[in-house]
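Take the given structure of chain A and dock chain B to it, following the hints.
Protein sequences, first through last, are from chains A and B.
Position 212 (the first sequence) corresponds to 212 in the working numbering; numbering is contiguous.
Position 121 (the second sequence) corresponds to 1121 in the working numbering; numbering is contiguous.
Keep in mind the hints are simulated off the structure, nothing from the lab.
Model, not experiment: these values are computed from the prediction.
Backbone N, C-alpha and C define an ideal beta-carbon position, used for all residues, glycine too.
Take the hints with a grain of salt, since some may be wrong.
[Unchecked claim] According to the in silico footprint, chain B covers these stretches of chain A (three or more CB under 8 Å from chain B):
no., region
1, 101 to 108
2, 132 to 138
[As the list claims (entries may be wrong)] Just the calculated beta-carbon pair ranges, DEER-fashion:
no., chain 1, residue 1, chain 2, residue 2, range
3, A, S21, B, L1145, 46 to 56 Å
4, A, S160, B, G1041, 52 to 62 Å
5, B, P1216, A, A195, 27 to 37 Å
6, B, R1205, A, R65, 13 to 23 Å
7, A, P23, B, L1151, 14 to 24 Å
8, B, R1207, A, E311, 20 to 30 Å
9, B, L1145, A, D79, 53 to 63 Å
10, B, K1028, A, A195, 32 to 42 Å
11, B, G1185, A, R65, 17 to 27 Å
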Amino acid sequence: MTTTEPLLDVRDLSVTFARKSGPTVHAVDGVSFTVRPGETVGLVGESGSGKSVTSLAVMGLLPRRGVRVGGQVLFDTDDLLTLPRDRMRDIRGRDIAMVFQDPMSSLNPVVPIGVQVTEVLERHQRLRGDKASAAAAELLSRVGIPDPTRRLKEYPHQLSGGMRQRALIAMALACQPRLLIADEPTTALDVTIQAQIIELLKELVQDTGAALVMITHDLGIVAGLCDTVHVMYSGRIVESAGRRELFAEPRHPYTGGLLASVPRLDAPRGAPLHPIPGSPTDVLRWERGCAFAPRCPNRLDACTDGPPPLETLPGRRLRCLNPLSETEEVPA
Amino acid sequence: MSLSEIEATTESEQLEQPAGNLRKEAWKRLRRDPVALVGFGLIAFFVLVAILAPLIAPYAPDAQPGRGMITPTNIPGPSADHWFGLDASGRDEFSRVVYGARQSLLVGVVATLIGMAGGLSLGVLAGAFGGKVDAVIMRIVDVMLSIPGLLMAIAIAALLGASLWSVMIAIAIINIPVFARLLRGQMLAQRGSDYVVAAVSIGVRRRPIVLGHILPNSISPVIVQATLTLATAIIEAAGLSFLGLGSADPRVPEWGRMLADTQRYLASAPHLAFFPGIAIVIAALGFTMLGERLREAIDPKYRR
Chain A
1 MTTTEPLLDV
11 RDLSVTFARK
21 SGPTVHAVDG
31 VSFTVRPGET
41 VGLVGESGSG
51 KSVTSLAVMG
61 LLPRRGVRVG
71 GQVLFDTDDL
81 LTLPRDRMRD
91 IRGRDIAMVF
101 QDPMSSLNPV
111 VPIGVQVTEV
121 LERHQRLRGD
131 KASAAAAELL
141 SRVGIPDPTR
151 RLKEYPHQLS
161 GGMRQRALIA
171 MALACQPRLL
181 IADEPTTALD
191 VTIQAQIIEL
201 LKELVQDTGA
211 ALVMITHDLG
221 IVAGLCDTVH
231 VMYSGRIVES
241 AGRRELFAEP
251 RHPYTGGLLA
261 SVPRLDAPRG
271 APLHPIPGSP
281 TDVLRWERGC
291 AFAPRCPNRL
301 DACTDGPPPL
311 ETLPGRRLRC
321 LNPLSETEEV
331 PA
Chain B
1001 MSLSEIEATT
1011 ESEQLEQPAG
1021 NLRKEAWKRL
1031 RRDPVALVGF
1041 GLIAFFVLVA
1051 ILAPLIAPYA
1061 PDAQPGRGMI
1071 TPTNIPGPSA
1081 DHWFGLDASG
1091 RDEFSRVVYG
1101 ARQSLLVGVV
1111 ATLIGMAGGL
1121 SLGVLAGAFG
1131 GKVDAVIMRI
1141 VDVMLSIPGL
1151 LMAIAIAALL
1161 GASLWSVMIA
1171 IAIINIPVFA
1181 RLLRGQMLAQ
1191 RGSDYVVAAV
1201 SIGVRRRPIV
1211 LGHILPNSIS
1221 PVIVQATLTL
1231 ATAIIEAAGL
1241 SFLGLGSADP
1251 RVPEWGRMLA
1261 DTQRYLASAP
1271 HLAFFPGIAI
1281 VIAALGFTML
1291 GERLREAIDP
1301 KYRR
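Looking at chain A on its own, in the form it has when it is part of the complex (with noise of 0.2 Å):
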């Protein structure tokens, strides 16, 4: 790992949804990762382990009613979750910037593509008119969109998903922003198309040295694409390491269990998959013990007297009593 100053600083980062019945949701607890510049950070974990909710924080664009965010979000030297709204207004887009998961319904359906794309530019680099259509027309050419200044008069549902994606993406870059977050930019596309889009932001986030949080459920664009990945469950950091590291020895049974599950074109033909136990609507609160005991094959009855401490290895973070290699000692 380099020793560079890191670009973003998430510390302990949490964020509580109160609800006017039942006990407030801890959605993230205690989240800390940092981002180096032209970093690719992978955040991973399945649906409700608080990875998107993480990104939304750090964006500032959780609603402001009845979230409680905490902890600090260090971007350069400004904590932004303490920053003004207009600062950060003028951070978005510019500096940092974000790509959604659903292009469906994340470009205006009633807007022409190229007014939506111009208005980053307008915004921030105060282009105009001609120039902004022009800029425009180049940043579509550039993510790999056939006559752009044709696609620039047309609507949303004109386009295809692939094609929406990467219109959303050119707005995400058009300021050369420093980082960039993807919260599963491909979920909502063709497997084929996946592939594509994946290779696209690869190739730009190299390009223009933005560094990427990529936030995904799928291993594979981890293995691809990131430099470190972080696990995330329940949300908590149950494992983070460098990737080489985390998909060559995984020590959190929760990494363990993903990658097991991952079908293999090697495996002997009518080999069973082999899912993680459960679902993770069987946790526990942190509070009580690992989240993730209950699904948990190398459970201890110390997993659920008390949270598991988050300790730091030689390369590593993880949160767990009994993790997977024996190489390493047991802790009591």
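This is chain B only, laid out in the frame that chain A set:
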């Protein structure tokens, strides 16, 4: 349009690729809808009559060509010379009904536009700011809606004095809360949508988000409501004139007051009630038919 023709068009519609934007599709559906076409035809007829009144009407609205034919017991009905008959002052009823279209159209359009402008302003404020602004505006709207519309219009028109303007303003005011509530609801529904969050995520400021993104997505039902409001405005205008709250000038023909003037002669000259009444029905029916079908064409929930 015959049944087989209708079936044929719906089939070809299904085969077609989805082209054009949502409004174009709605427009396409509307053009194939016989009810909407009839509504549109009635409106066109009504508007044309209003515009071309001097060419259509054989007499000026305040001329009394049949003065000598009127006796206290006999008001002549329809004849070859006077298609709709004569009124109690010997004026040509057909000419008066034709000229009356102008008043109804004027009141309907102006009242609807003023009401829409007022309602949209309040709705945009409430929908854009939410919170306390929304709460205050919506409580005012609730109070306005809790008073029966025509009753309030009567009160306002009476307060302003009998004139064309007071009728327009009274009708506009009772329609403000309808538009305000409609737009506010539409905008609130759009506020949390993905494209709004996406626009926020690239740093777009609040004003362009509200005016450039949320408003265009919320306006379709307002257009529908405006069409329907035109229909009720015409009826309400006639109602207020009937009650004597309209223009003070008796020479200006107005359908509502023509009905009111007719009451004493209802037994001897029923045609004086029939023709202005039919005119009101046709004008209101046209806007209602078009409005209803416009709603169905725009709202995906109604799509069959």
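So, going through the hints one by one against the coordinates:
1. Counting residues of the region 101 to 108 of chain A whose beta carbon lies closer than 8 Å to any beta carbon of chain B gives 5, which meets the minimum of three for the stated coverage.
2. Note: the region 132 to 138 of chain A has 0 residues with beta-carbon separation from chain B under 8 Å; the three-residue rule is not met and the coverage is violated.
3. Range check, A/S21 to B/L1145: about 30 Å between beta-carbon atoms, so the 46 to 56 Å window is missed.
4. Separated by about 40 Å at the C-beta atoms, A/S160 and B/G1041 break the suggested range of 52 to 62 Å.
5. Between B/P1216 and A/A195, the C-beta spacing of about 35 Å keeps the proposed range 27 to 37 Å intact.
6. The hinted window of 13 to 23 Å between B/R1205 and A/R65 holds, with their beta carbons roughly 21 Å apart.
7. For A/P23 and B/L1151, the hinted distance range of 14 to 24 Å is not satisfied, since their beta carbons lie about 49 Å from each other.
8. A hinted range of 20 to 30 Å is violated for the C-beta pair B/R1207 and A/E311, which are about 49 Å apart.
9. At about 46 Å, the beta-carbon gap between B/L1145 and A/D79 misses the expected band of 53 to 63 Å.
10. For B/K1028 and A/A195, the Cβ-Cβ distance of about 37 Å falls inside the hinted range of 32 to 42 Å, so the restraint holds.
11. Taken as a hint, the range 17 to 27 Å holds for the pair B/G1185 and A/R65, whose Cβ atoms sit roughly 18 Å apart.
In this structure, the earlier hints numbered 2, 3, 4, 7, 8, 9 are contradicted, and the remaining ones agree with it.
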